[in-house]
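With chain A's structure known, arrange chain S on it following the hints.
Residue numbers (the working numbering), protein chains in the order written: chain A, 1 to 517; chain S, 1 to 89.
For the record, the hints were derived by calculation from the structure and aren't laboratory data. Errors might be hidden in some of the hints.
Now the stretches of chain A that chain S is said to cover, found in silico as 3 or more residues with beta-carbon under 8 Å [claimed, not checked]:
id, stretch
1, 235-243
2, 356-369
Label pairs and their computed distance ranges (CB to CB) [as the list claims (entries may be wrong)]:
id, chain 1, residue 1, chain 2, residue 2, range
3, A, Thr-144, S, Glu-70, 47 to 55 Å
4, S, Thr-34, A, Glu-38, 38 to 46 Å
5, A, Asn-493, S, Asp-26, 41 to 49 Å
6, A, Gly-133, S, Gly-88, 28 to 36 Å
7, S, Pro-25, A, Asp-134, 27 to 35 Å
8, A, Arg-501, S, Gln-80, 49 to 57 Å
9, A, Thr-169, S, Asn-20, 41 to 49 Å
10, S, Gln-81, A, Glu-334, 34 to 42 Å
Each residue gets a CB set at the ideal place from its N, CA and C atoms; glycine is no exception.
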Amino acid sequence: MWFSSTRHERRVPENLGSAVAKIARIHSARPALWAKGELLTYAELFERAGRIAAALERSGVGPGDRVAILSERSSSAYVAILGALLAGAAYVPLNTRFPADRNRRIVERSGARALICSDAQAHSLPEIIAGSGDLEVLVASAITGDAPDIPPCDSDAGTLAYVFFTSGTTGVPKGVPISHDNVFAYLRGIRTLTEVEPEDRVMQVVDLTFDLSVHDIFLAWTSGACLYSIPENGTLLCTRFVEEHGGTHWLSVPSAAALVKQAGLLTPGCMPSLKYTFFCGEALTGTVAESWAAAAPRSEITNIYGPTEATVAFSAFRYIPGQASPPAVVSLGEPFPEQHMGLFTADGERGEGDVGEICLSGSQVTEGYWMAPEITAERFFEAEGRRWYRTGDLGRYVANEGYSYLGRADRQVKIRGFRVELQEIENAVRKAAGCDLAAVVPWPLDESGAALGCVAFTVGGSITSDVLDQLREVLPDYMVPSRLERIDEMPLNANGKIDHRALSEHLGGAKNQDRAA
Amino acid sequence: MAETNSRAEILERVQSIASNVLGLPDLQLSEEMTARDVPGWDSLTHVQIIIGVEQAFGIRMTSTEVAQLENAGSLVDVVQQHQARAAGA
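Pulled out of the complex, with its shape left as it was, chain A reads as follows (with noise of 0.2 Å):
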């Protein structure tokens, strides 16, 4: 097996793909992954990665370049992870579950070199490289010949590890490059509040297009943990997937937590085995917290927050269940040791009152968006000796307490936990109702203010099935308008912008607008 191999003496600036391959010369016959009832060695991991890796450098890819990844979360998505980082390229996930046209739209904004797909998925495969000339495919049945006997990651550290794709305001999906520094930025800031052993077992249960699958995937490969991949269809059975396992670490979106709940299936002390349970991505109520507290009693509960801009998380609160009085909202805490986080007005001053938007600044937070200047220069400024991005989220800061969310400064929401620009639906609604004014509110909200999905109002246009069935196809489910209502006139705020208050209390929802948007 090559990454046992002692020939390997030159020194290798650190990248993920050598870090894990450190790891996994010490743990190789390990677990390090089991997905879809498949598990497999550091070993086997590693033979698998290697072999794309060479099949990748054979095709021309390596530092620099991308390498898109086309598939179900079974073993052969984390292999293609791994082994793009070891040909030194950057990966860029792809999601099943989206619609053909927006994986098409991510591959080409990405410029990937090249895409690998798992054997599931290769009949959407000409949709999806219609347009991308020079794309190299790879399916991952085809890819075979030898591991080679040194890692081929030489990439210098700094160079990028993966390009995000986010929800944008002009309805192209936006890039988040991420580099190998960041990450390694961001496990250094965690691990401050978590350590993991071999022996545990890391629970992943986002998709790979969300980046809290990196923290998972990371944790556990630079720990030579064993990462257990709980299925799309799972999640709501995550409780008997943490007992079975003996799953000690968790992340999820509190939404997964609530539903899980609502099922009835977050019992007390049903997940006994978990030491480390982290939320992030969306507001955390107490009662959430305090039902998972109860669920699982030995672990630890931390609210994490950050955008996928700042890699993953950036600030941390650890909740301290059993409160008379559970907190509406849990704490966004403070800033990882070598981060910073400040309030700022839209000028890039310092807010008054410790009130303002939150910004990041550090060693996690990405360089800028992927091709797309304009948006950088809007998103960053400098200030105070610093470059600091902007969330788009409103804080406030209290001593002892930490910083607290108060909103959002412009109109992303978050659907289910996934994030959403609202403009980026009204888009994609005007142009198939073919009309010029539409506007989207998030509805239904569920009792701690959180959005189950979204309602399309037009004016004019037409408003058929067809306009939905249109929406599927470039939408991902969680974007797609549970409704569409036609009116006649659009209500205006005093400012003649239009009114989503006015909107949310037509739909009945008035008094938890503020809290959902």
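Chain S only, in chain A's frame:
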């Protein structure tokens, strides 16, 4: 004495459970059908259907079995395997 059923019988009971959970009285399930083919079969109703099937047949599926469910036919396979093991025990 452990009960065993034919594939058709199991599929029919799965269909009746799914039609109750989904509120689709006319649901016609075939072995090849996947969740994507059935309106309303999302992550929440999926778990309700699995738990309904477990209760109806007195079985408990392992996480590997849950992870490997691809279509209605694979759900029938799992029930049959559990029944065969129970009958052999």
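How the hints compare with the structure:
| no. | hint | in the structure |
| --- | --- | --- |
| 1 | 235-243 | holds (count 5) |
| 2 | 356-369 | violated (count 0) |
| 3 | A/Thr-144 to S/Glu-70: 47 to 55 Å | violated, 26 Å |
| 4 | S/Thr-34 to A/Glu-38: 38 to 46 Å | violated, 20 Å |
| 5 | A/Asn-493 to S/Asp-26: 41 to 49 Å | holds, 46 Å |
| 6 | A/Gly-133 to S/Gly-88: 28 to 36 Å | violated, 57 Å |
| 7 | S/Pro-25 to A/Asp-134: 27 to 35 Å | violated, 52 Å |
| 8 | A/Arg-501 to S/Gln-80: 49 to 57 Å | holds, 55 Å |
| 9 | A/Thr-169 to S/Asn-20: 41 to 49 Å | holds, 42 Å |
| 10 | S/Gln-81 to A/Glu-334: 34 to 42 Å | violated, 51 Å |
The structure fails to meet hints 2, 3, 4, 6, 7 and 10 from the earlier list, while all remaining hints are met.
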